[in-house]
Structures are given as C-alpha cells and as structure tokens.
Amino acid sequence: MRIQNSEFRIQIARALIALALLTGAARAAHAELIERVLAVVAGQPITLSDVVGARDLGFQSADGASDPMRAILSKLIDRELMLAETDRYGPPEPTTEAVDRDVARVRARFASQAEFDAAVARSGIDAQHLRETVRQNLRIAAYLDQRFTAAGERRQALIDDWVAGLRRRGNVLDLYLPGR
Amino acid sequence: MRVLGRVAGAIALCALFGRAAHADVADYVGRTIGSVRLVLDGRETTEQVLMHVVQTAAGQPLSIAQVRETVTHLFSLGRFEDVRADAVLENGRVALRYDLVPIHPVARLQFLGRLDAPGVDAGALRRTITDRYGVSPPLGRVTDMRLLIEDALRARGYLHAVITPRADALGDRTTLVFTIEPGDRTRLGAITVVGRPTVPEAEFLNRLGLKPGEPYEHDALDARIEKYVAERRSRGFYEDKVVPDVRFADDDRVANITVTVSPGPHVRVVFTGDPLPSDRRAEFLPVEREGSVDEDLLEDAQNRIEEYFRALGYRNATAPHRREETDGELAITFDVTRGPQYRLSAPPAISGNPSIPLADFEPGLQLREGAPFSDARLQADVSLIAGVYHGRGFARAAVQPNVTTAPTSDPNVVLVTVSLTVTEGVRTVVDRVTFSGNAAMDETTLRSRTALRAGEPYVPAQQDVDRDAIHLAYLDLGYENASVEAASTFSADGTRVSVVFTIREGPQIFVDHVLIVGNVRTSTATIEHELQVQAGDRFNLALITESRRRLTTLGLFRRVDIRELQHGEETTRDLLVTVEEAPPTTIGFGGGVEFRSRVVQAPNSTTAVDQLELAPRASFQISRRNLFGKNRSADFFSSVSVHPEDTGQTSGTGIAGFGLAEYRLGGVLHEPRVFDTAADGSVNVIFEQQIRSSFNFARRSLSADIARRFSRTISATASYQLQRTRLFDLKLSPEDQLLIPRLFTQFRLSSFSGSGIYDTRDDPVDPHSGESGTISAQLAGEHIWSEVGFVKSIVTGQLFRTIPHTNRIVFAANVRLGMAEGFSNDGQLPPSERFFAGGDTTVRGFTLDQLGVRHTPLQPGDTIDQDGFSVGGNGLVIFNVELRTPVFGGVSVVPFLDVGNVFARVTDIDLTELRSTPGLGLRYKSPFGPLRFDVGFKVNRQTGEPLSAWFISFGQAF
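Order-wise, the sequence lines are chains D and R.
Following our numbering, the residues of the first sequence are numbered contiguously, the last one being 180.
Following our numbering, the residues of the second sequence are numbered contiguously, the last one being 1958.
Don't read these hints as lab results, they were simulated from the structure.
If you're wondering where the values come from, they're calculated on a predicted model, not measured in any experiment.
Cβ coordinates follow ideal geometry from the N, Cα and C atoms, glycine included.
Treat each hint with caution, since some may be false.
[What the hints assert, rightly or not] Which bits of chain D does chain R cover? Going by a derived footprint, with three or more residues having C-beta under 8 Å, they are: (1) 45-57; (2) 101-110.
[What the hints assert, rightly or not] On the chain D side, residues computed to face chain R include the following (Cβ under 7 Å): (3) A31; (4) E32; (5) L33; (6) I34; (7) E35; (8) R36; (9) E93; (10) L138; (11) D174.
Pulled out of the complex, with its shape left as it was, chain R reads as follows:
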C-alpha cells in the first residue's frame, strides 16, 4: 500500500507539474518565435494575401501587440468567422499558430425546449429572426437574436423566458440552436374599468379582448386599444383616451389591469368670417392627425392662419378661437378676419449708407413697389442690408426700419411706405493675424490658407471660415484630433482688431497597412492604383474620400467601403478597403417595328412619291467590364432594320419584299492606363449602312484614341483614324450633290491627330468664369495609307467672366483660327476636310456653312462660288463676344457680335475681309441644358444675301 501511496503522490505531483507546465501568456512573451504557421480549416496555408498581413516572424521575440495586429488583420479580411492565435513552447522557442475558421453560414435555425407551451410558435420565432437578419443570420448577432426571441415571447405573456443559444458546426455548415424555457405565462387577473365607455362595459372589454384567466399579451392589447381609439376619432371624438394600468402579482404570474376611459366630447371645428382655402384647413388645424384639441394645438392653428394671411399682406389678420361645450359636444370656432391688405406704394427708401451703394442691396430686396407688405419681408430686407455691411467690415452696423401707412379710398387697401435707416458705425480693420500652437505648419503655410489679412476689413464670418480652413489643413496632414480656436481682440474705438488662431495639433496619424478585401476578379493592383493613400502616408480623410470616389467611379463595384481600423497605438491606423464586385457582363437587346413615311422614286418613273414603310428592327448589346481584372472593358453593339425593297434604290429583282437593310455594328475597347502609363486608351470600330431619301451610304471606320489628364485643368489627346464612306443609289439634283462631298469622306482617309487642352471653366455647359484653350493638329498622307494628304490645325481660345456688381451677367468671348494645307499640287483639301463657317456656333448672321469671301465678279481666292454656294477653304478666322444677361427665372437675353470668314488659303487671310453680324439671343435654362434662340444680322450685306439668319438649338454657342 505504501508503494501505491507513493505512486498516488507521484501522480499528484505530475499532475501539478502538468498544470505548472500549462504555460501562461507571460511565459511566451519575449521568447524567440520558432515558427509561424497559418492553419485554414485544419490545413496549413501559405496563401500570399494571408501571409502578407502576418506581423510576427520566426527569429523575432514574441510580442502580443504584433499577435493582436495579425489577428485583427486576418479577421478584417472578412473571410473568417474566427481567428485564434495559439502558442506552444518547442525547444524553448515559441511555435505560433494562427487558426483560421472560414465563415460557415448558418444553414439552419433550430428551436428546442418547451415549444409545446401555449402561444409559443417556433415558426413565428423563426420569422422574427429571418425578417431581421435573413435566412442565414450572422453568428455575431446571436445576442441580438436572443433578445428578439425574448421580446417575442414577452409579447405572448412569457415575461421571464430564458433563451440559451448554441452554435453546432457540422462540416462547413452551422446550425444555430435556441433552447427555449418560456417559464410561467402571465394571465389576466382582476379587470377594472374606470370611467364610462360609450358602449356597454361588457362590449368594451370584449373589444379590448380583456377577460380574466386569458393570457396577458401587451402588444395585442395596445393594438386593440389603438384600433378602438382610432375608430372613435374618425367619428369626431378627438379627445377619446383609453389608458391601461397593469400591476403584476404572484411573481408576475397574474396581471391585474385597470382601464381608464375618458370618452371626451364630440368635437366640431367651425371657421367663420373671411374664407380660408379649404385644401389648407387640415394643415392649419391638424386635430385628426394629432388626435387632440388641446389649447397648444389650437393656439398653433391660430398662429398659422394669421401668418398665412400676413404673408399675403393682411398685416392685421386675426383668427381668435373659442371653445363652447354644449350637450356633450365641443364646438371650436375660429373667427377669421383678414382686414385690409397692405401694399408698398414705393420701393423702400434706404438712407445713411454712404459707404455702400444702393445697387449692392437692391437686387436682393424682397420689398418691392406694388407688392404686398409683410413684417417678415421687412425683417428679411433688414437682415440682408446688415449682412452686406457686416461682410465689409462694419461689424456693428445696424438698420432701423420705419413703416408708415396711408389709407386709400378703398377700405380694403392700405398703402405702406418703408424707410430703412442705416447706422454704419465704424469700419473695423484687421490689425494683425497671429497663430499659436502650430508646429507642423509654419506661419506662411497657415496664412496661405486664410483670407483675413492685416489692413483688410474684419468679417466675423470670414474668421470662422479661416478657422475651419486651418482645421482642414491639419486634418489633411493626419492630425485628426487637431482643434483650432479663433479669438478676436478689438481696439477701444472698435476700428482695429487682432485675431489669434490657437491650434492644438494632437498626434499625427499615419497609415500603417492598407488591407484590400472582396476583390475576386479585379486585380489588387487595379484597386491600389485608385487609392490615394498608401502604407506610411499621413492619414488624410480627404484623400480617403477621394479614393472611395475613384473606386466607385471605376464602375467595377456595387459597393466600396474604406474603413479605418484603430491600433492600440495612437499614431497609426490601418485602412480596410472592402469592395463588392458588380456583375462583369451586361447584355441588352430589343426589337420593334418602325413605321415611317419616306420619299422614294416611283416605279417606272423619275418622280418622287411618299411611301409609308414598315421596318422590323432589332438591337443587341453586350458589355464586358473588368477584363482580366484590369478595369479594361469591351462593348459590342449592333442594330439592324430591314426596309421594303423599292425599285429606285436597289438593282433588285423587282420582287416585292424586304430589300436593303440598315445596320450598325460597332465595338469599343477601353483600356485605362494603357501600357502602364497615366493615359487612357480606346479603340473604336464601326461598320454601318444607312438609308436616306436621296441616297444611301455605307461607312467603315476605325479609330484609336489616347487621352491623358495631366492636372485638373490640362489634358491632351492623340488619335489615329481610318475611314471610308461609299455613297450609292444617288437621286440628287446637281446643286444638292455639291453638299455630299462636304459631308461624306468618299475616299480612304488615314490620319493622325493630337490636341492639347487647357480648361479652367467652372461649368463646361454653361460657364460663368474661367478660360479654355485648345490647340489641335491633324496629319493625313499617302505614306500612312491615305488617299489624300493634308495638314490641318485649329487653335481655339475662350474666356468667361461674371461682371462684378451685376445680376450675374456673364461676358463670354471666343476666338477660333483654322489653318490647313493640302499635299496636292493646288494645295486644296478635299471638301469634307475644308473649313466652313456660318451657323449657330460660328457666325450667326449666316445660315449653316454659307459664310465665305465673295466678289463680283468672282475672283481667285473667293470661297463662295458664282451660284452663291460656299466651297470652303484652308483658312478660318472667327471671333465671338456675348453678354449673357439673366432676366427672370431661367431666361436670359444675350446680345452678341460674331465676326469671321473662310479663306481659300492661309496666306489669303485678310482681316479687312471679316464679316460682322451683331444679333440678339434668348436662353432658357431647361432641365436638359440651355435652350437657345439666336437671330443675327449682317452688317454690309452683299447682293443676294438675306439680312438675317435665325437658329433654335440646345447649348451655348461656345
């Protein structure tokens, strides 16, 4: 036995030793790491994306901070429902293992326990969860789900249900099990009714579902009370109230309920006196919506009615109310009296404003001659004038209104005269602006961010803007907790002020890691290219927002989220970029039938007749985005319509049926950052055949473009184009045939072109400020497989300025110079490549393409032929100026002057030959852009020329 005793002792010691050997975390910290393994679902992995975020390495001492960082990084990848770090000592070194458990979706919800208890419905509980969290709820929400189930059971009378959740994993699926112990169900005990319901008490209790011994279900009781009260209110009993008071007894097994009923009188609302618009009465007095006729509500209604009339100029409008209760009915009467309407007999007289001219206030004033007068408008004008003064350094400026009235012969109208007296006070000038607490940014940098300057007017609002600008500058540098305070100290006479910006910088934050998750098809490099922040950069919120915008703009993702992950460390953050990819392929198709009337040649005749055609049409489009994960995309589009055969158009058989087909086949390949440069490229191929009344054509074209934006304002493009058009079935008069070569390139044209663009316009459609300049050049030649050769260049410059102290009148100017030279013997270009002018975007006194040099008799170098048709030229000069003057609403009046001409050769350009056409236009700012009407008049009209030309079009002229 002694031996057994010794053995038992040895076992105990060994067990203790074993416990002692069961190391504490502290036993690993600081020891050298022997190995680091990642185990994914039981198997070791060396997946690059995972290894990339591991911060612990063999040979280094173990740091829990690094382990924590690794675990949070791995977890943040969004692929795992659990990440654990285990450590074990092997030969005195730490063997570190990261166990990664992939997300196992909850495949099944199971309810166990007392499901047979009355009122416990497992199906309803399941719906409660799936309605909120879907059919595969995340395990991380299990606590919330437990609370949901508890609430659901409480509503059925189980006030103390115990819910125990458990997750059972089987393979890669998880069953979420809730074991339910509902406990005792609370039942109704004593039921007392206080007050007199309008129906017999038994019926009242029946409608509320109250009966001793029944389960206590508070949600159902509340719903029945609400229904009862709503039904009473719909019958005019707005003050009907039913309030239950529940007291529990017997350890909450019994609920004793006292129901207090306040039926309230029947309410009738009456408006007397001047009429109120019937469609606004419910808005003025929302008794039914509020379910109340308390005094506050009635007073608010009275105020609303009076304000309504006062805004219409009825300055003395009153609408007092009274309550009268008779025979159980409450009558609420509003006596509406509008009184006379006050109108301004003259514009407000403004005085005491030597420092700021009236023109600076007048456009914004609401009080106008003849308009209804209201105190609200008067106050708005006072605030406007004071605001203008404050904005110009008169911090203590005040405006005193004075209103005088004069009755008229019409008792319903009173004339009002308003004078506004300005007390300007002293003008405060900034004495100095100083900064304190700034270490990261020097004073020069801070001053460049602020607008307050010594010697300039002091504007309190500008001080706030400057403070925010400094704060933003610090945020951009990663000082996310920086704070800036502004303090101003005035001189005794108020004429000078010193401003101090006090800065508390706080710690500067840097980006530690950028984790990208969710991309399956899209390469990580594509995403990284759009990110404006990288590991090691300052934590800049503006750049993070810009990164999100750029990623969204790619169009590759349904959702883009960039979130910061905090370290324990004060100065570093990780960025977690989560993307959800959009479907890469979109397909569109359609079909239909087109009816149209078309002019065709009559059978066996040369006369034209109208023919009603029926043409079946079909279209198909397929787009594939994100090809090879590189954000390149390819689009293919096609459409075809088949038209009836007509003898004049085809050399067909004369058999009735479908003949020529209109078709358009095209493909576009977009390649962002082509050849790993900052330029975006695209290749377009188009084959098309179209039918016109007088001719048909088939066109083939290929173009390749590269565009690069160097900055927000400077960009450049380069392109190659190969094109040929073939015309057939021509049925044109000789004069019309002149137009054909101008519009269609009936030879093979192969050309390179390039352009440089500088653009600072604030709005490309309807600019109010900025400039733009474009230089473009095109080269075509036989050496590059073109049938014609030429060089052509166009220089364009534009300027837009809003004229100060006007109602946003915009001065716009445009200059366009075109120069070309053909490589043929005569130096001429083919007609389709020549310059033409005249029309709504060039010189508006001439109809489209009808501007040119003309002499009588015809001289060499003229660009208008003897029949009055323009033949185009190699030189072009155009100047335009406009004054875009807003009038009212979205309507503007635009006087303009267009000057220009087309010259046969560049050397023929002669400024004395320029034609001038002043004119006038109207613009309407429609939802689709400016709608434009222009009429231009020729100065020095020549023989045979009409005086004017007019145009209706969209968009500005330039």
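The shape of chain D in the complex, shown without the other chains:
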C-alpha cells in the first residue's frame, strides 16, 4: 500500500510537472502586443510605442498614477494639441546647438550607450526621430514662453486652462478604453 501510495505520488508529481512545463511552454508561445494606436489627435496617431518611448526616454512621466499608460497618454495628447497650436503660430526655430544639448541630456539619463540603444530600439525611435521630438519640444516651449509670460504657479495655471480649452475644441479620438 505504501508502495502503491508512493507510485501514485510519483505519477501525480509527473503529471504536475508535465502540466507545469506545458503551462510554461504555453506562456512562452503567448503573443506579445508590441504596437497599437491609442489615440488620434487632429489626425496624428499616438501609439503604444510612442507612450513607451516617452516614458523610457524621460519625455513624460506617470507621476505615480494608478494607470501609468493613461497618465502618459493624456500628456502626449496634450502635447500633440499644443504642437498643433505651435505650428499654427510658428515660433522661432530652435538652434542646432539647443537640439544637440537636449539630445545629449536624454542620452545622459542612461548609464551606458547600450542601455540607451536598447531603450530607443524598444520604442522604435531612431536618432532622427529623437532629434525631431526634441525639436518639437523646444518649439512648444518657445511658444509657451511667448504666450505665457506670467511666472510660477500662475503661469502653469494659465497653461492648464489653455490646454483644457484645446482639449474641448480639439479633434481628439481617445481609443484607450480599459477592457479593450
């Protein structure tokens, strides 16, 4: 009986190991979502890799939000709205030096070149794309400086009101719906 019991245990154990291996293998074969459109702002899509890139390269942060994806996506939507306004009014083009300086700043966030390369590869951002993002950010900043001359919290409150207005008027298709 003891032997039988022991064999039974071994059989159970083998079955469980097989199940576990199968489970592991199944997980290993599970497809990974690598890209998706999360929002469209004035015709410009914002994708999953845009959100990942903005987070990994330090352009946007989730600020401890319970749904980091939502938090960063919302900031990217606001950024796209601001960029559209910036393009309308055409502030001064940033200098090459300013772009170089900010690109270097992004690189400096990473401990090594390998880490930086991995981050840009993960988000599909090449050197040209990175420069363009930095350039756009500088243009937005220049526009905000032109438009909002107040300082401190007052300035931020004015910008927030302005962005809220852009959101109300803007053509924003927000596709990030939990559960979908």
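Assemble chain R onto chain D, guided by the hints.
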C-alpha cells in the same frame, strides 16, 4: 511529502520560466522576421490595399519604427477601430501578426447603475449623447461622452457622479454601456436674500424656484434668474441685477445660497436738440441689448452720435449726456447739437510734389469740391498721398494738411479750403540686396522671386512681399519650417539702403506614402492622376492644395480631404487622401403646360392668323457619373411638347386634336483623358424637331470632340461633326427664303475641324490685359461622307491693355481673317458655311449679316445682290478697336472703330474695299455680365444704306 514538495518547487520554477519566456518587446527587436500575417476579423487576409501599406517583411530584422508605421497606415485607412501588432517567437524568428478589427458601429447605448435616483433620467442622458454624437457615436469619443453625462448629472444636483464606460462587442455590433453612480444629491439649505426685490420676497424666491430641501440645480436656477432679469429689463429696469452666491456644506450635500438683488432705477432715454434718425437710435445707444447704462456705454453712444454727424460734414457736432435720478427713475438725456455743415469750396490744393504729378493722386481723393468735409476724409487723403510716395521710394515723405474755414451768409453752412503740403524728403534707392543662409536655392533663383532690385526705389512694403515670396518658395520645396527675415540698413543721408534676407531653411520634408481611402466605385488610378504629389516628392503645400482642388473639381466626391500624417522622422510625411463619393446617378424630370400665341395659316386660306396654343410639355434627364470608376460620365436628356394640329402645318386629317410634337433627344458622353492621353473627349448626339411660325425643321447631329490643354495658356481642340437638317411646312416669302439656307444646313455635312488657342487674358468675359490668338480649320468632303466639300480657316487675334495712369481705361483690339474654298466647280461654299459680317460682334455700323461688297451696277465678286441682301463669301476681314472707359459705378463709355468686309473669294480680298464704321457704346457691369448698347455709323455710306445700326446685347463685342 518530499516528492510533492519537489513537485511544487518544479511548478514554481516552471511558472517563473514561463514568465521569463513571456518575452519583452526588446526580445523581438532586431530579430529576423519569420512571417507577417494580416488578420481581419479573425481571418487571414492578403487584400492588396492592406498589404501595400505593410512596412515589415519576412527576412528583415524587426524594427518597431516599421511596425508603428504599418499600424498607423492601416489605422489611417479609416476602416478599422483597432489595429494591433502582436509578435511571437517561432524557431528563433519573429512571427508578426497585425490584428485588424473592423469598425463596429455602436448599435446601442445602455445605462446601468442607480437609474432610479430622483432626477436621473436615462432618456435625457441618451439624448445628451445622441444630440452631440448621433445615434451611433464613435467609441473614440467615450471620454467626452462620460464628461457630458457628468455635466448633465451635475446640473441635476449630483456634483460627484461617477460614470464608468464600457464597450460590449457582440458580433459586428457594439453596445456602449455607462454605469452610473450618481452619489449624493446636493439640496438647498439656507436661502438668504440681500437687497430689496421689487416683488415680495416669497414671490421672488418662488419665481427663482428656491426652497430649502429642494435639489440644487444650477442650470435651472441660472435660467430662472435670466428670465426674471430679462422681464425687468423689458420694463426699463436696465440695471436690474440678481447675483446668486452658493456655498457648499456637509461634503457638498447642502448648498446655502445668498441671492443679492440690485433692482436699479427705471431708466428713461431722451434725445433733445437736433433730430436723430429714429431707426439708428438703438444702434447708437444699445442699452436694452447690453442690459446696462454704465458710463462707458453712454460715452460710446455719445461718440457714435458725434461721429455720425461729423461724417455728414457737421464738424462741430456734439451730443453730451447727463444722468438725472429722481423718484427712483433715472433719466439719461443726450443734447444733440449738429452745428453748421462744413463744405469744400474748392478741390484740395496739393503742393510740394515735384516728383509725382497730381494726376497720380486725384482719382483716389475723397475730398471733392462741394462735398461735406470731415476730418476722417481729410486723414484718408493724407494717407493716400503718403502711401503713393512711400510706394515710389520716398520712405520719409510726409503730408501736412491745412484747413481754413470761411463763414457764409447762411449760418448753417461753412466753406472749407484744404491745402495739403507734401514734404517729399529724400528718395531712397536700393543699394544692394543680399541673401544669407540659403543652401537649397541659389542667389539667382532667389532674385527671380523678389522685386527689390539694386538701383530701384526702396519700398518697405515690397520688402515684406519679397520676404513672403522667398518663404513661399521654400515651402514649395518642402521646407515647411523655413523662416525668412528681412533687414534694411540705410546710408547716413537716407538715400541708399542695403537689404539682407536671412533664411533659416530647416529640414526638407518629403512625401513617404500616399494613402487613398474612401473610394469604392472610383478607381485609385483616377484619384492618383489628379494628385500633384507622389511618394518621394517634396512636401509641397501648394501642390497639395491644388490636388484637393482637382479632386473636388472632378465632381465625383462629396468631400475631399488631404491630411498629412507625421512620422517620428523629421524629414518624411505621409499623405492621407480621404474621399467621400457622391451618388453616381442623378435624375431630373419635369412637366408643364405652355401657353403661347403663334402665327399660323388660317384654315382654308393663305392668310396668317394668331392662334393661342396650349402645349403640354415634359422633360427627363439622367446623368451617370464615374462610369467604370474612370471619371467618365454620360448624360441623356429629352424633352417633348405636343402642339395642336393646324391644317396649314401638317398634312393631317383635319381632325382637331394634338398634332406635331416638338422634341429634343440628346446624349453626351464625357471621357476625360481619352485613350490614356492628356486630352479630354466627348461625343454628342442630338435629334430634334422644332416648330416655327413660318416653317418647321428636324435636325440630326453627331459630333465628337477632343480637347487638350498644354499649359495654362495654350490648348487645342479637334472635332468631327455630322449634321443634317430637314425643313418642312415652309410658308415663307421669297426674300425670307433666302435666309433659310444661311441658317440651316439642308444637306449632309460631314467635316473634321481643329483649332489651336493661345490665351493670356485675365478674364474671358471682361478682360483688362492679355492677348489671345486662335487658328481654326475645317475640312468637309465627299470622301468623308459629306454631300458638299470645302476647306475653311479662321485666324483671330485679340489684345487688351489697361492704359497706365488712367482710370483703368482698357484698349482692346481684334483682328479676324476668314479664308475658305469650296470643292465644287465654282469654288463656292453652300450658304450656311459662307462668311457673313455686320452685326454686334463684327462691324457695328451694319445690321446683322448685311456687310458686303456692292457696286452699281452689280459686278462679279460682289457679295451684296441687286436686292441689297448679302450672299456671303469665302473671304472675311475684320478689324475692331475699342477704348473701354469707366465713368461711374459699373457704367463705361466705349468709343470704337470697326473696319471690315466680306469678299466672294479669298483672291478678291482688297483692303481698299474695307468699310469703316466708328461708333459709341455704353456698358453696364450687371451681375450677369456686361450689358451692352452700341450704335455704329457708316463712313462713305452707299446708296440705299441707312446711316447707322444699333444693338443691345450681353457681353463685350470681342
């Protein structure tokens, strides 16, 4: 147990291994792609349109940038509500799958949760959404919809409602579910009234709907306050104010309201003194519209009244106001005093202008002798003169006005004399124009875009125009972020200036992909043909706008939108062309009854009598556009009317009733880019039968045309025409019968014709500049199934120039030469194909077609017969010149000289036989085009010829 423990450990390890095997995106990047599949609604697809935009390919390393581009392209096609890219490792290679979820329209809106809470009305919430987004709202707007619902509930007193949206897909339909947790409803607590309402407080609160314990609904409260105030204002209490102040308590469950009431006095507005036009008083003083009588509003009213009178020449007009409050009533009184009217006794005297003659200012000056004087007009004239000087290089020119007045015997009139003294200053000449920062365009190209030149007058406004022109040139090359700055440096004495255009080019943008969506019936090739930009081209906004215009002009689409899609990359953009097709078939039909009086032959008699006819009419038209998706179109039109039978017209039975039918059946096929060439073609077929008083006719015609535009100014056409007309029921006098062959081709005419056109006119209807030239030729012959043969050619040239330094007087000239030769023995053409002249568009001293060579006695080669009728000829020469002189408003006076004649043969053309007819015309620029009256007079009038001929018509003579 030890075994079970080991098993448990193994399971944990495997689970961890499993997690470890759950790869990160980084694990796929750079690996070779093994396969790429597109899965549409669960099924693999190889649809060409979709495969075309996929940027990832088996055998290549995986790049997230390419995946992103593919996903955005697929999404931009507008067919999918979701596009996902999944990756999995298979044998060390990446199996890539794009999952495409077609747009599933929201078929249903559902509200769950506490819908039984008071004031929560699911129907009203549904309407709130459908009013804004329609019955099938897009899922992408769900966040906005949630905010709308929150606002709606807040208005009902639920200040902290929580709305949770969810999309439930079932098959190809989606139900959008909003779960509503309204939370606590805020209710009114303490209500305090500050001030004294004009009605008892209880009634006042009742009218505002304020009662402790009732729900706090701010929108409803605001609406009731607005209604109360509007009612008070309509009774003259313009300054009545009711302001609520809400303070929340008990975690916003209670709203304590303080209502401050400022009743304000009853307001009465009085105008004394000189009369004001009653219909403009509300415009001068909009107290009721503004709901205020504050001092700013009254001062504005005073200014408006004074400006009104000053513009009429009452230079000293005043309208001070005063406020007087007595017994709770506020009287506002405007004392209007116009004073005397100032009038100009003479035109302004302009001096100090040796460099620019008076004639260059005078047409635009507003101050004129005898007209009312106003300072605004004076200032306008000063600005005009200064502007002319600045435009000619006198950058520092100034104009000093001096106004002197002289009273008259009439105390209500003062005469004004104005002198304008010009201080010209130095004339600044451009020393040099240079460019910096330009790499994409060389200096020669940039100079061709600018008008400022060394040695020419310096005009600051031109400098701005040149800067914009350079900027536009860069935009055309795809430098969409280019900026151009212009700086000018003057010499010490101000006579010379150096201009530098500093250019920052920025990156050059190219078109990466052109995505075309929305076309179902229209072929993609048809759309691509109209697009002026293709993949690989520079990103040129002007060409994109032109592409949009061309697509819209096709008439195939309700809506055309061309949008740029940005890549992450700085230098490339995709173009998304979205079209919404219009219905391909249009049908029109109509019917009616025509009453008309017609001359017919009396029964059993040869006399003509008037007969009132009643003729039923019907018409039908059908057009089909975009046949076979190639932008070709076909139109078929038909109309028929049935007229009463009359014995003279038909060989009918004499039975009273309906007889001959007028009909017109036709079809047109338009074929753009016929045979894949740049030419547009059309084929027309017409069958018609028409009734006239003296005859009837039936006509059959077929024509085929090809037209090609080589450039904006050069085009050519070629056509084939087959036509025959049959006349019947003729009841004409012999002399009238002469006109028939001239108007109708009573034989089979088969001919080819072609023309070349050069046209630089600025306006084809009423040109002010440019030239046009046309050479056309026609060939008919028995070998091409014609019953007559001939060759005919017409050469026309026109020139239009606006004469400088005049009030836009246009010099217009026209020359027309016609040459023809018949293939019959006598070389003559059939009458309908000969040249005729005389009339409103040829030689205006002669009535229609009555110009020709005549001798007494008749000679061979004369084109006027012994009865004075023109027989037409094979040669035609016409010259016209006009001076189109604007007078006032849309009226012009046009002196003209027409010279020409019609010759029997080309070899008979003799310039000494040309007839001259000077004349005078009037033009009125009506909304339908120039309305024209011309009268021409014959020089060297011959026996039997009337002195003149006159015409009323539309359009210019040439």
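Going down the list of hints, with the structure as the test:
no. : hint    : verdict
1   : 45-57   : holds (count 5)
2   : 101-110 : violated (count 0)
3   : A31     : holds, 4 Å
4   : E32     : holds, 5 Å
5   : L33     : holds, 6 Å
6   : I34     : holds, 5 Å
7   : E35     : holds, 4 Å
8   : R36     : holds, 5 Å
9   : E93     : holds, 5 Å
10  : L138    : violated, 12 Å
11  : D174    : holds, 5 Å
The structure shown violates the earlier hints numbered 2 and 10.
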